[in-house]
Amino acid sequence: MNTKVLVAPSPHIHSGDSIQKNMYGVVFAMLPALLLSFYYFGLGSIIVTLTAVASCYFFEFSIQKYLLKVEPTINDGSALITGILLAFNMPANLPIWIIIIGALVAIGIGKMTYGGLGNNLFNPALVGRVFLLISFPVQMTSWPKALGFNTSYIDAETAATPLAIIKEGLNKGDSLTDLMAQLPSKMDMFLGSTGGSLGEVAGAALVLGLIYMLVKKIISWHIPVAIIATVAIFSGILNMANPEAYAGPAFHILSGGLLLGAIFMATDYVTSPMSNKGKLIYGIGIGLLTVVIRVFGAYPEGVSFAILIMNAFVPLINISSKPKRFGEKRK
Amino acid sequence: MLKTFSIGGIHPEGNKLSAKSAIQELPIPKIATIPIAQHIGAPAKAIVKKGDEVKVGQLIAKASGFVSANIHSSVSGTVFKIDDVMDATGFRRTAIIIKVDGDEWLETIDRSKDLVTEITQTKEEIIKNIGEAGIVGLGGATFPAHVKLSLPPGKVADVLIINAVECEPYLTSDHRVMLEKADEIMVGIQILMKAIDVKRAIIGIESNKPDAIAHMTQISSKYPGIEICPLKTQYPQGGEKQLIAATIKREIPSGALPIEVGAVVQNVGSAFAVYEAIQKNKPLFERVATVTGKSLKNPSNWKFRVGTPVNDIIEASGGLPEDTAKIIAGGPMMGKALVSVDVPLTKGSSGLLLLAEEETARKDIKACIRCGKCVSVCPMGLEPYLLMVLAEKKNYERLESDSVMDCIECGSCSFTCPANRPLLDYIRLGKGKVGQILRARK
Chain W
1 MNTKVLVAPS PHIHSGDSIQ KNMYGVVFAM LPALLLSFYY FGLGSIIVTL TAVASCYFFE
61 FSIQKYLLKV EPTINDGSAL ITGILLAFNM PANLPIWIII IGALVAIGIG KMTYGGLGNN
121 LFNPALVGRV FLLISFPVQM TSWPKALGFN TSYIDAETAA TPLAIIKEGL NKGDSLTDLM
181 AQLPSKMDMF LGSTGGSLGE VAGAALVLGL IYMLVKKIIS WHIPVAIIAT VAIFSGILNM
241 ANPEAYAGPA FHILSGGLLL GAIFMATDYV TSPMSNKGKL IYGIGIGLLT VVIRVFGAYP
301 EGVSFAILIM NAFVPLINIS SKPKRFGEKR K
Chain L
1 MLKTFSIGGI HPEGNKLSAK SAIQELPIPK IATIPIAQHI GAPAKAIVKK GDEVKVGQLI
61 AKASGFVSAN IHSSVSGTVF KIDDVMDATG FRRTAIIIKV DGDEWLETID RSKDLVTEIT
121 QTKEEIIKNI GEAGIVGLGG ATFPAHVKLS LPPGKVADVL IINAVECEPY LTSDHRVMLE
181 KADEIMVGIQ ILMKAIDVKR AIIGIESNKP DAIAHMTQIS SKYPGIEICP LKTQYPQGGE
241 KQLIAATIKR EIPSGALPIE VGAVVQNVGS AFAVYEAIQK NKPLFERVAT VTGKSLKNPS
301 NWKFRVGTPV NDIIEASGGL PEDTAKIIAG GPMMGKALVS VDVPLTKGSS GLLLLAEEET
361 ARKDIKACIR CGKCVSVCPM GLEPYLLMVL AEKKNYERLE SDSVMDCIEC GSCSFTCPAN
421 RPLLDYIRLG KGKVGQILRA RK
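So the protein lines, in turn, are chains W and L.
Numbering-wise (this note's numbering), the first sequence opens with residue 1 and increments by one.
Numbering-wise (this note's numbering), the second sequence opens with residue 1 and increments by one.
Think of the hints as simulated: they come from the structure by calculation, not from any bench.
Bear in mind the structure is a predicted one, so any value in this text is a computation, not a measurement.
Keep in mind that the hints are not guaranteed to be accurate.
[As the list claims (entries may be wrong)] 27 Å max Cα-Cα, derived BS3-like pairs, lysine-lysine:
#1 L/K294 - W/K4
#2 W/K217 - L/K363
#3 L/K232 - L/K222
#4 W/K4 - L/K363
#5 L/K393 - W/K322
#6 L/K3 - W/K217
[Stated by the list, open to error] Covered by chain W, according to a simulated footprint, are these stretches of chain L (three or more residues, beta-carbon under 8 Å):
#7 238-252
#8 366-374
#9 419-427
Beta carbons: idealized from backbone N, C-alpha and C, even for Gly.
Can you make the complete structure from the sequences, with help from the hints?
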């Protein structure tokens, strides 16, 4: 025999799955929401998205190359996801310098401090977003109206989000029925023509992305379903107890960043649990915390905080929710 | 809805290239190299010496100990020498090397093609004669069949499960045997049913072999107590635990044997070998193997004599393709990579797979992205990502408490990992070490 042969232990074949395939699969799933945000917010959303993505790539590359002195891994697609998700969490009129700071915090503190992809405890895009929300509350919460083919950027006309209308109104003592009348219809909220951050206004586009990721087996159903079901049940109970003080499930699911968080943020591989049982616990926790913060907390929106808090519990969830071993008796 | 097992599982491409190729007889080799260790357990003891004349079917090495198996000559001729040669494991081990002269069989073997359906032997005679014939599990695990059939005292079986799953991609030998020897298999199954005293036998066949399911269903109607159970194609359904879970919904507890849930599992090829041993008095010295690979000229199925060099069977199938990077004894998921084509084929050789570099070369290892796909595909409900880390850190206590010994080494985790992490390599290391610790504790 003239050729040399490889000798290695089994298995001798591989599925061909790769980190890139999964990451770019997520990016593809985000496209409907991204394109719709370009449609609703126009030029502003394009500027925000490009700035966020470019800064994430830049910081990931420079930190790896010049600070950590390792081979940069920007081709794996994860910086692209962080960039788009960061943009999805920003109003379309956010000044460029704030976006860059957000990207630095997301990649630098959220990801690279821990050692890069695979090691971070918290969702990097959310670390960036929450940092900005606390540091620049005014800029981060003045959302332009979703007008369609809008070419204005900084001086766009702004509108309060449905969640903010309800929160402020209830604090002033208005009745929920009156406040609900001021809101866009549920159908508008699902299709996206309401105020809000880039990626959170179009529920329908986000759900389309979810279906794609489920079909392609990029993620499993456990986390999004657990979050949405928990929010529906919990807000449903509150609503039944006192319909004049608490909004119902449809409002909670369609408003704010709930669908964005449940579909694209909470399902981040690195910062979510490994077993299906763990994913359900994690999703239920996010759902409960979201409603608690929205209804009883100071902020109108609680999805980001809920996900970050549950991120911190992931190591504990992993230890306590082992998959059911084969042959183990069900308790 | 077809039945299948419920925890984990993967769907590798089938690549059953040789499924339509009828079984052919491989020419007898000029020299047969017959290892005395072709099974799990103690090696057999050679009972011939240099210069002895042997006939086809003659006992040449005797089982030593309870878990061991007899070895018979697959050829007629003269014992040329008894020496250490490299076998499929890559180690040098003792083999009886026979210079072939003609093809003279023992007269006691019935070489006619007539189907013998009447079972005259008693339960005890059957088990003893299966042991005499040196039959081992032909699915690849090569566990001596008579040992499996001798139920431990106090244990009762209520069902015999026949493993005709052939869940490894590429392999088709069981498939072909079912299409060509269905009646013999059914008689073999009835013999096995008598041996373990059960009234019910279930043959598990995956849905990617519809012709075998149809043919076996038709033939089985003539034989009472034998059912065909079509299964949804999913790897590793041929694993004993997975097959029992799929067919009768019983889960074997950790560390226990199938008999714990009242089942005995035998491979479909073994059932055919049992037929030949009991009804035709023919010991196990030949079997069917698939020779396959995408670049191979004629992927095919061959009946070969044990001890034939791997090279002969490759040459018969069109020769070693130029792009061959790996030669695998068995399937791509659990087979062993061979060091050379000069090693002999044995009782456990279910197939020979030739893979080109792009299909088998390992890719760069990336950081774990904690996607949890290894957890969701593990058919034993383990956490491969965690076991790998624990093995790297030499944390044997936690490896044990996280059930590393339950790993069946199916390779689904490594196959699936998007970061190309060598999960099973490390789990094997950890398993070996924990196994040592467990044995020392006893």
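(request) List, from low to high, the hint numbers that the structure doesn't satisfy. (result) Violated: none.
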